[in-house]
Amino acid sequence: LPHGPKWAVAYKYPPEQKTTKLLSIEVNVGRTGVITPYAVFEPVFLAGSTVSKATLHNMDFIKEKNVAVGDTIVVRKAGDIIPEILRSENPEREGRIEFAAPTVCPSCKALLIREQDEAAIRCVNPECPAQLARRVEHFASRDAMNIDGLGQAQVTALIDAGLVNDVADLFFIMQEDIEALPRMGEKSAENLVNAINASKKAGLSRLIFALGIRHVGKRTAQALAK
1 LPHGPKWAVA YKYPPEQKTT KLLSIEVNVG RTGVITPYAV FEPVFLAGST
51 VSKATLHNMD FIKEKNVAVG DTIVVRKAGD IIPEILRSEN PEREGRIEFA
101 APTVCPSCKA LLIREQDEAA IRCVNPECPA QLARRVEHFA SRDAMNIDGL
151 GQAQVTALID AGLVNDVADL FFIMQEDIEA LPRMGEKSAE NLVNAINASK
201 KAGLSRLIFA LGIRHVGKRT AQALAK
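Take the sequence shown: its letters are residues 1 to 226, numbered as in my numbering.
Treat the hints with caution; some may be incorrect.
[Stated by the list, open to error] Result set (BS3-like, lysine-lysine): computed pairs, CA atoms no more than 25 Å apart in a straight line: (1) Lys21 x Lys6; (2) Lys109 x Lys21; (3) Lys65 x Lys18; (4) Lys77 x Lys18; (5) Lys200 x Lys226; (6) Lys226 x Lys201.
[Said to hold, decoys possible] Estimated spans, in silico, between C-beta atoms of each pair: (7) Ser141 x Glu94: 44 to 50 Å; (8) Lys226 x Gln17: 45 to 51 Å; (9) Glu94 x Ala223: 52 to 58 Å; (10) Asn66 x Asn197: 34 to 40 Å; (11) Ala202 x Glu92: 52 to 58 Å; (12) Glu94 x Asp143: 46 to 52 Å.
The hints are simulated quantities; they were obtained by calculation from the structure and are not laboratory data.
Glycine included, every Cβ here is placed at the ideal spot set by N, Cα and C.
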């Protein structure tokens, strides 16, 4: 069967592009320790929403795009969804200071390493607080253990209170401990405990994926479970 009428032609308009000023380049620490730089720029209305941040992926990407703080940059939304930086409009600007790759983790101050054949730099400290937070968030995510009500704010509160030092600690939290946290009432605490208990039935493949082992995605987790 034909997929469409032969006389019809679909035309996709090119993504909208706008210029703005790059204010700063910051970094995030991922659950596997990868340091990911991201751009903070003057807010601009683009493809239906206002955006002010975009990932810069890694240090090689920053060099490739040749962007520096203070530059006028061209931004668009890839697929009309994800903000991205295309280029700098004034890469020859006098006095520009290019971004220097960090040498220590912004969270735990451990030395960063760059493994051979990898574009990313990485914190390899297993006790890094930022990595712990990202690991717990991943563990609770929908494709993993699907613990409803355990978002970024709740994870941060649990770690700051010393209740969670590892994902396994989630299964030993008492309702009264959660109720003592900021902005967590009795009902919210009860719902979170119920969600944690329900996650015990998620299955082995989801648990393996939830552990956040490097190079182990959902399909590999399913194969390992079998």
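Here is what the structure says about each hint:
{"no.": "1", "hint": "Lys21 x Lys6", "in the structure": "violated, 45 Å"}
{"no.": "2", "hint": "Lys109 x Lys21", "in the structure": "violated, 30 Å"}
{"no.": "3", "hint": "Lys65 x Lys18", "in the structure": "holds, 16 Å"}
{"no.": "4", "hint": "Lys77 x Lys18", "in the structure": "holds, 10 Å"}
{"no.": "5", "hint": "Lys200 x Lys226", "in the structure": "holds, 18 Å"}
{"no.": "6", "hint": "Lys226 x Lys201", "in the structure": "holds, 17 Å"}
{"no.": "7", "hint": "Ser141 x Glu94: 44 to 50 Å", "in the structure": "holds, 46 Å"}
{"no.": "8", "hint": "Lys226 x Gln17: 45 to 51 Å", "in the structure": "holds, 47 Å"}
{"no.": "9", "hint": "Glu94 x Ala223: 52 to 58 Å", "in the structure": "holds, 56 Å"}
{"no.": "10", "hint": "Asn66 x Asn197: 34 to 40 Å", "in the structure": "violated, 52 Å"}
{"no.": "11", "hint": "Ala202 x Glu92: 52 to 58 Å", "in the structure": "holds, 54 Å"}
{"no.": "12", "hint": "Glu94 x Asp143: 46 to 52 Å", "in the structure": "holds, 48 Å"}
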